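Chain by chain, the residues:
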Amino acid sequence: MAGIEATVPARARRPADLIGRILENPHALGVLMVTPAVLILAIFLAYPFGLGVWLGFTNATIGQAGHFVGLGNFRYLLGDSVFRLAVLNTILYAASAVVCKLLLGMLLALLVNREFRGKRIVRAIMLLPWIVPTSLSALVFYWIYDPTFSVITWALRRIGLAHGFINYLGDPNLARASLIAANIWRGIPFFAIGLLAGLQTVSTTLYEAAEIDGAGPWQKFWFVTWPLLLPLTVVVTVFSTIMTVGDFQLIWIITRGGPANATHLFGTLAYQRAIQGGFIGEGAAISAFVLPVLVGAVLVSFHYLRRE
Amino acid sequence: MRRSALTTALTFTLPLGTFLGLLLFPFYWMLVTAVRPNKELYNLSLNQLWTLHPTWQHFQKLLFATHFAPWLGNTMVIAVGATTVALSCSVLAAYAVQRLRFRGSGVLGVAIFLSYLVPPVILFIPLARIINELGLWDRPAALILTYPTFLIPFATWLLMGYFRSIPAELEDCARVDGATRIQVLRHITLPLALPGILSALIFSFTLSWNEYLYALVFLSSTGAKTIPVGLATELITGDVFQWGPLMAGALLGSVPVALIYSFFVEHYVAGLTGALKE
Numbered sequence: 001m002a003g004i005e006a007t008v009p010a011r012a013r014r015p016a017d018l019i020g021r022i023l024e025n026p027h028a029l030g031v032l033m034v035t036p037a038v039l040i041l042a043i044f045l046a047y048p049f050g051l052g053v054w055l056g057f058t059n060a061t062i063g064q065a066g067h068f069v070g071l072g073n074f075r076y077l078l079g080d081s082v083f084r085l086a087v088l089n090t091i092l093y094a095a096s097a098v099v100c101k102l103l104l105g106m107l108l109a110l111l112v113n114r115e116f117r118g119k120r121i122v123r124a125i126m127l128l129p130w131i132v133p134t135s136l137s138a139l140v141f142y143w144i145y146d147p148t149f150s151v152i153t154w155a156l157r158r159i160g161l162a163h164g165f166i167n168y169l170g171d172p173n174l175a176r177a178s179l180i181a182a183n184i185w186r187g188i189p190f191f192a193i194g195l196l197a198g199l200q201t202v203s204t205t206l207y208e209a210a211e212i213d214g215a216g217p218w219q220k221f222w223f224v225t226w227p228l229l230l231p232l233t234v235v236v237t238v239f240s241t242i243m244t245v246g247d248f249q250l251i252w253i254i255t256r257g258g259p260a261n262a263t264h265l266f267g268t269l270a271y272q273r274a275i276q277g278g279f280i281g282e283g284a285a286i287s288a289f290v291l292p293v294l295v296g297a298v299l300v301s302f303h304y305l306r307r308e
Numbered sequence: 001m002r003r004s005a006l007t008t009a010l011t012f013t014l015p016l017g018t019f020l021g022l023l024l025f026p027f028y029w030m031l032v033t034a035v036r037p038n039k040e041l042y043n044l045s046l047n048q049l050w051t052l053h054p055t056w057q058h059f060q061k062l063l064f065a066t067h068f069a070p071w072l073g074n075t076m077v078i079a080v081g082a083t084t085v086a087l088s089c090s091v092l093a094a095y096a097v098q099r100l101r102f103r104g105s106g107v108l109g110v111a112i113f114l115s116y117l118v119p120p121v122i123l124f125i126p127l128a129r130i131i132n133e134l135g136l137w138d139r140p141a142a143l144i145l146t147y148p149t150f151l152i153p154f155a156t157w158l159l160m161g162y163f164r165s166i167p168a169e170l171e172d173c174a175r176v177d178g179a180t181r182i183q184v185l186r187h188i189t190l191p192l193a194l195p196g197i198l199s200a201l202i203f204s205f206t207l208s209w210n211e212y213l214y215a216l217v218f219l220s221s222t223g224a225k226t227i228p229v230g231l232a233t234e235l236i237t238g239d240v241f242q243w244g245p246l247m248a249g250a251l252l253g254s255v256p257v258a259l260i261y262s263f264f265v266e267h268y269v270a271g272l273t274g275a276l277k278e
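Same order as they appear, the protein sequences are chains A and B.
In terms of our numbering, the first sequence opens at residue 1 and continues consecutively.
In terms of our numbering, the second sequence opens at residue 1 and continues consecutively.
The following block holds chain A by itself, in its conformation from the complex (with noise of 0.2 angstroms):
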């Protein structure tokens, strides 16, 4: 207490002229201090999340501004077989990942919340996948998934458990399979983490009560621990949700949304389409497909905000 105070002049003049009284007036400060962050928000967030709005109704090309089209864009799209793979792409890949990194990050969290020699780096470790950029691990899947040189193919002739090699990327179904996985391996720290965290405020003494009353492990984490962690776990999963429908950087720079568009989740066919081919409307509106994603979060989380 002692520092603190006398860092502070004792007797600071309260200004008197104008600007101090502007500095003194919380809802001025207040205003005034908000104001560079609201600005670059406003700018470059909420102008541009209208724009793109707006955009999606339009036929709008690079370097034209075009002009409205209704739901042209929308019908179009409806139509379009490629896109229509796109959403399916999009709801596989986002329900299998999310749900596999829930459960997987969830075994992880419980593993590393025991008391064992060597946790404070365990933990730290894992998180290495989330921190790293994820275009560079991506760039090491896409080595690992190499027809030819693929060191999985490499383990598994070397077992004899496959003989020829195998195209992970140029199979529908398998290259799909393999960018979940990789989305996965990305995506289970962050869940691990959040749900440590979580797992680290569940008093012992409710496990101590329910071991008097007879209960197992599997009981103990059901009845327990699951209820407790409930509201991280939701808006650890809401939160993930949103991250995976709207990947770009995995399938972009793993498949670029091949073979033969067979891969595409909004995000790529969005920027193949606005920005590589130019139909910039076209891309807008398949950008505002994330937005019923965006919304149904955000319902969601409001939902468990209130309730605590």
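Do not rely on the hints blindly, as some may be mistaken.
Some chain B residues near chain A, calculated using beta-carbon distances under 7 angstroms [what the hints assert, rightly or not]:
| id | residue |
| --- | --- |
| 1 | Pro26 |
| 2 | Gln48 |
| 3 | Thr51 |
| 4 | Leu52 |
| 5 | Ser115 |
| 6 | Leu127 |
| 7 | Leu207 |
| 8 | Asn210 |
| 9 | Ala250 |
| 10 | Leu259 |
| 11 | Tyr261 |
Computed far set for chain B versus chain A, every beta-carbon distance over 10 angstroms [to be verified]:
| id | residue |
| --- | --- |
| 12 | Ala9 |
| 13 | Met76 |
| 14 | Arg181 |
Calculated from the structure, these hints are not laboratory results.
All figures in this text were calculated on a predicted structure; none of them were measured in a lab.
By construction, the Cβ of each residue, glycine as well, lies at the ideal position given by its N, Cα and C atoms.
Since the structure of chain A is provided, determine the placement of chain B on it from the hints.
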């Protein structure tokens, strides 16, 4: 209750070991490939999991025959710039929303939380047009100004939690002693919120360092790119894959964030879980 060694091995050591093995294998693979000479790299009869004659040739090629050095510089400038912009804005905004309780601060707090959820895939197409109209195409400023759109919501949200944990009585005492609001912020609140600011700082830096989509869209010339984009677009040329230099680049591009992370693990975890729990 004593557990047998076998039970522990089956329910703990084995699953945890499997997890760590799978989570760390890609890094091992990155390292082993980066130092493996081409003769060994493309010879399947050799043991793929080990490099017999480690070499620096891929690193040399990466550093002297590609644009890796300028990419590294660009990435650094952009990450530092975006972090500086985002943190200055976030510290002020978080303090104002959390402590000053001005008219509309509640609504603003919720709005910032909501903007945290908007994924870049929704924004990159209209943003490309805005960047173009502002004349920022192919310039670091394009990213220094757009990265804060996902850094500010995150950092503000995180800092609001930290400011909330600082007792208001400390500020009141200083006010009674005659300190202005700015003095209170500078001399009392900011020093106490330093751990939170550090968390926000390293998080923002890492997120900027790792960003891919905006960098891919807004930068086009080879020399202007960042590491994540440059490696994936310039070193994969047609059917000729330069796996050695690619993995060397992936390794070098990961090292800065991994280093920062290793020094500040606790802040990192606190930042991540703090943002989740708020």
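Output the numbers, in ascending order, of every earlier hint that fails for this structure.
-> Hints 3, 4, 7, 10 and 14 are the ones this structure does not satisfy, whereas the remaining hints hold.
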